[in-house]
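J.: So the chains spell out like this:
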Amino acid sequence: MATIQQPSRTTPPGPLPQRRGRLRRIRQDWWIYLFLLPTILGYGAYTVYPLVASWWYAFLDWPGFAATGTFVGIENFERLLEDDLFWNAFWNSIVFLVVAVPLRVGLALALALVLNRAKTPFKGFFRTLFFLPVVTTGAIIGIVFTLLLDAGGPVSLAMVKSGLLDSPANFVADPDTSLYAGIAVWVWKWLGITMIYWLAALQTIPRDVHEAAMIDGAGGWREFRHVTLPLLVPFLVIITLIDTVAALNVFDLMQTLTGGGPSFSSEVIEIFIFRTAFQATVPELGYASAAAVLFGLLTMAIAVVQALGFRWARRQMGGAR
Amino acid sequence: MGQHHRILGTRHGAARVGRDISRRRFIGGSSAGVLAAVLASCTGGGQSSEENAAAGGESSGPGGPLQWWDQFRPLTEMFERDLFGPYMEEHPDVTIERRQMDAPDLGQALQVGRRSSQLPDVHSVAGLGSSPAALVSEGWFQPIGSHADFEGSPVADQIFDGIHRFDGEIYSFAPFSGRRHEAAPWLNTELLAEADVDPEQSPATWDDFRAAARRVQDGTGDGVHGVLIPTQDPIYLDALVHRLATAAGAPGPGAIDWATGDYIHDSQPYLDAVEFLVSLQADGVVHPASASMGPRDARARWAAGEAAIYPWGPWFIGGLLVEEPEAVERGVGVWHVPTPETTRNFVYSSPAPGVFWVSSESDQPELAADLLLQMTTREFQAKLAAAMDQPPALLDVVAEADVHPTYAQNVSFFEEDVRIGPVPEVATPGVWRVLAEMRDIHPNLGEIVQAVLTGSTDDVAGDLRRYKDELSAERERALEVVQGEGVEVDLDAWVFSNWDPATDYDQQAYAER
Numbered sequence: 001m002a003t004i005q006q007p008s009r010t011t012p013p014g015p016l017p018q019r020r021g022r023l024r025r026i027r028q029d030w031w032i033y034l035f036l037l038p039t040i041l042g043y044g045a046y047t048v049y050p051l052v053a054s055w056w057y058a059f060l061d062w063p064g065f066a067a068t069g070t071f072v073g074i075e076n077f078e079r080l081l082e083d084d085l086f087w088n089a090f091w092n093s094i095v096f097l098v099v100a101v102p103l104r105v106g107l108a109l110a111l112a113l114v115l116n117r118a119k120t121p122f123k124g125f126f127r128t129l130f131f132l133p134v135v136t137t138g139a140i141i142g143i144v145f146t147l148l149l150d151a152g153g154p155v156s157l158a159m160v161k162s163g164l165l166d167s168p169a170n171f172v173a174d175p176d177t178s179l180y181a182g183i184a185v186w187v188w189k190w191l192g193i194t195m196i197y198w199l200a201a202l203q204t205i206p207r208d209v210h211e212a213a214m215i216d217g218a219g220g221w222r223e224f225r226h227v228t229l230p231l232l233v234p235f236l237v238i239i240t241l242i243d244t245v246a247a248l249n250v251f252d253l254m255q256t257l258t259g260g261g262p263s264f265s266s267e268v269i270e271i272f273i274f275r276t277a278f279q280a281t282v283p284e285l286g287y288a289s290a291a292a293v294l295f296g297l298l299t300m301a302i303a304v305v306q307a308l309g310f311r312w313a314r315r316q317m318g319g320a321r
Numbered sequence: 001m002g003q004h005h006r007i008l009g010t011r012h013g014a015a016r017v018g019r020d021i022s023r024r025r026f027i028g029g030s031s032a033g034v035l036a037a038v039l040a041s042c043t044g045g046g047q048s049s050e051e052n053a054a055a056g057g058e059s060s061g062p063g064g065p066l067q068w069w070d071q072f073r074p075l076t077e078m079f080e081r082d083l084f085g086p087y088m089e090e091h092p093d094v095t096i097e098r099r100q101m102d103a104p105d106l107g108q109a110l111q112v113g114r115r116s117s118q119l120p121d122v123h124s125v126a127g128l129g130s131s132p133a134a135l136v137s138e139g140w141f142q143p144i145g146s147h148a149d150f151e152g153s154p155v156a157d158q159i160f161d162g163i164h165r166f167d168g169e170i171y172s173f174a175p176f177s178g179r180r181h182e183a184a185p186w187l188n189t190e191l192l193a194e195a196d197v198d199p200e201q202s203p204a205t206w207d208d209f210r211a212a213a214r215r216v217q218d219g220t221g222d223g224v225h226g227v228l229i230p231t232q233d234p235i236y237l238d239a240l241v242h243r244l245a246t247a248a249g250a251p252g253p254g255a256i257d258w259a260t261g262d263y264i265h266d267s268q269p270y271l272d273a274v275e276f277l278v279s280l281q282a283d284g285v286v287h288p289a290s291a292s293m294g295p296r297d298a299r300a301r302w303a304a305g306e307a308a309i310y311p312w313g314p315w316f317i318g319g320l321l322v323e324e325p326e327a328v329e330r331g332v333g334v335w336h337v338p339t340p341e342t343t344r345n346f347v348y349s350s351p352a353p354g355v356f357w358v359s360s361e362s363d364q365p366e367l368a369a370d371l372l373l374q375m376t377t378r379e380f381q382a383k384l385a386a387a388m389d390q391p392p393a394l395l396d397v398v399a400e401a402d403v404h405p406t407y408a409q410n411v412s413f414f415e416e417d418v419r420i421g422p423v424p425e426v427a428t429p430g431v432w433r434v435l436a437e438m439r440d441i442h443p444n445l446g447e448i449v450q451a452v453l454t455g456s457t458d459d460v461a462g463d464l465r466r467y468k469d470e471l472s473a474e475r476e477r478a479l480e481v482v483q484g485e486g487v488e489v490d491l492d493a494w495v496f497s498n499w500d501p502a503t504d505y506d507q508q509a510y511a512e513r
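Respectively, the protein sequence lines represent chains A and B. Once you know that position 143 of the first sequence is 143 in full-length UniProt numbering, the rest is easy, because the numbers rise by one and skip nothing. Once you know that position 351 of the second sequence is 351 in full-length UniProt numbering, the rest is easy, because the numbers rise by one and skip nothing.
Chain A with its partners taken away, still in its complex shape (with noise of 0.2 Å):
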């Protein structure tokens, strides 16, 4: 049974009585916490612990069929800056970031712009389409796509029938095109659930505003420019964090794309530290575990200079008004 219990205003406000109230509140109250343990105790041993353990782990050397590791301090961190393939996989997952996100972003814009409109048929239809690669498992869509984009799959027999291409191509197995195909495969595969996002953001404008600006004259370009457009940008950052974080959790669809290769060319982080943890002669957890903190830091380090960057962006901007 709930008890709700004004607090007294004439008791001063202190570390001891408040200690109290909250004490009382969870012994109170104790079976909500009771609902949350589950939570809690997931959220613990799936996302907090994987995340301090790795943290240690960075600073042991430990071959992976070993038990434990041995203390080498920040020796797997100085062989990490010296290591090529990490810089390697480093930018190539920059690269897909920084290529792949503003894609899935603006693409799903204007398939949700197109699809938001009243005069477009088959809209559910359209939808229900774009949605599906969204439920399809990324690991079945990489072995599917191998086919496809591979010499003598489709794609490159159409391109070379149309006179795009001399003699066919295989997409996932070249150096120069492999993380670019897995980028394209990525951006098809998500766009349906980025749409969703920018559909439900875009019922969240008011009609009347559209009115007012067809009213006043505005063509569909500049209403979208100076009404849509401004009132989506809440909503752009929203989004736009979603995909960045989903454009570095890439493993299932570009280990079965191409496993990073042929020679690395579409080695992201995450295969690197999956190769160096697992498939080593000898694996290193340590350094993998490293591996991992290290980007981590570098994302967060380029991730701040960014928002720096912004805010100092809008400062002039505002200083020129």
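Please note that a few of the clues may not be correct.
Lysine to any residue pairs mimicking SDA-like chemistry, simulated, CA-CA at most 20 Å apart [as the list claims (entries may be wrong)]:
no., chain 1, residue 1, chain 2, residue 2
1, B, Lys468, B, Gly484
2, B, Lys468, B, Gly254
3, B, Lys468, A, Arg314
4, B, Lys468, B, Ile441
5, B, Lys468, A, Asp83
6, B, Lys468, A, Gln316
Sample of chain B residues lacking proximity to chain A, with all beta carbon distances greater than 10 Å (derived) [unchecked claim]:
no., residue
7, Thr76
8, Phe79
9, His147
10, Glu194
11, Asp196
12, Asp233
13, Val322
14, Ala451
Partial list, computed: chain B residues near chain A (C-beta under 7 Å) [as the list claims (entries may be wrong)]:
no., residue
15, Leu135
16, Gln232
17, Ala289
18, Asp440
19, His442
It is worth saying that the hints were derived from the structure and are not from the lab. Positions of the beta carbon are idealized from the N, C-alpha and C atoms, including for glycine.
Here the structure of chain A is known, so what remains is to put chain B in place on it, guided by the hints.
T.: Just chain B, lined up with the frame of chain A:
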């Protein structure tokens, strides 16, 4: 708002389950009960693990079912029918549970199992990529020689120190023969007949091989290619180039000059082997999608009739029988490993490694050892041959076994073409410590070949030299580390001056070294 009892629900008393019990308290209490029940069920109702084991022991041996993990998909039926089934019939209190996984999955499962103390009783080490000696030293396994008479078994002469025996204790044995390689050209005889190429006549030289591939390419329909080289997998390419290089005259196994102990990845036979693959590609006879295929994808494409020749290991027919049996019925042939000139060089292999190991966590090593001993009998070896995976340790049983004639022919080619070469860790136990200390060098041989075949590099000689130099430097570094730990080993451990390229390097040769 003063103190009050908040009762949810519209009907008066609907939420009351008893006097003074609100719905909130009821939900809280019942959720605690449910949680307790769930936790109790997770822990088996509170009984100890010993009690669990005892309960299991009534039907499945003293430590529960004997768990067995390996990667041999073609052997699945045979293991059940000819090993586990008869053994369980003979020992009604024994239950054996086997899990088959692909090698990379198995490697990961074993690493995770090791860290969580959930290793199976018996397992192979595929996918771990580590030397068994290193695993023995890390305490992964327990010896089996004292539980079963492997010294008196028919495969006793194939038990080597540093491979199967450590510190005088037998830990494993070789159920398969080391006399094999992964570069046997498997043939679609139907396509070869269409192109008027004789599947019974192995090409005498690499040029003849190229010519045969061209004839297949030109003499068959659209969409059919001469050769499959699954380039996506550097491990496949590594093995293929090692084999081709030894066929071109390089010593082996392991790309080591046994006279000096130096690595020879940049020697002429290795360059020739890579050039041979490049020439096949330049001839336009390689399946254009090869670069995005792994070995199993390539086998499926071969079975689908997309290409006529596919160099792979002896398990080819066994795998086809499981995955694409119609391809075997259609017609499968095999050639000798191709050599550059008519003078045939040998291909060198290590003695067959131990395949199945008994985990140090197993509490039924006697049972595991006894079961493993059954694999050494001539009867079982014949059945092993009939599965047409790797050739059995007792190669002569293949002649009596129920095998496809092409499998038997391939094994006879192995007897002609393959010699067992020296293995440094057999002669000098400290070598495995060096190997365990050595870090991988990238790009390695397979990755360099992949780069060449996909157009990422054209400086084959420079890349191979760089790899050899870096590998040599890494071995020097590892040697220093290991020597610093007091292990007696030096570069001479890689020198086998009494190696004769034409004969097997056997136990006597090690003794006379």
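J.: If a hint holds in the structure, say so; if it doesn't, say that too.
T.: Hints and how they fare:
no.	hint	verdict
1	Lys468/B with Gly484/B	24 Å, violated
2	Lys468/B with Gly254/B	12 Å, holds
3	Lys468/B with Arg314/A	54 Å, violated
4	Lys468/B with Ile441/B	9 Å, holds
5	Lys468/B with Asp83/A	18 Å, holds
6	Lys468/B with Gln316/A	56 Å, violated
7	Thr76	23 Å, holds
8	Phe79	25 Å, holds
9	His147	24 Å, holds
10	Glu194	20 Å, holds
11	Asp196	25 Å, holds
12	Asp233	8 Å, violated
13	Val322	19 Å, holds
14	Ala451	4 Å, violated
15	Leu135	6 Å, holds
16	Gln232	6 Å, holds
17	Ala289	4 Å, holds
18	Asp440	5 Å, holds
19	His442	6 Å, holds
Hints 1, 3, 6, 12, 14 from the list above are not met by this structure, while the remaining hints are.
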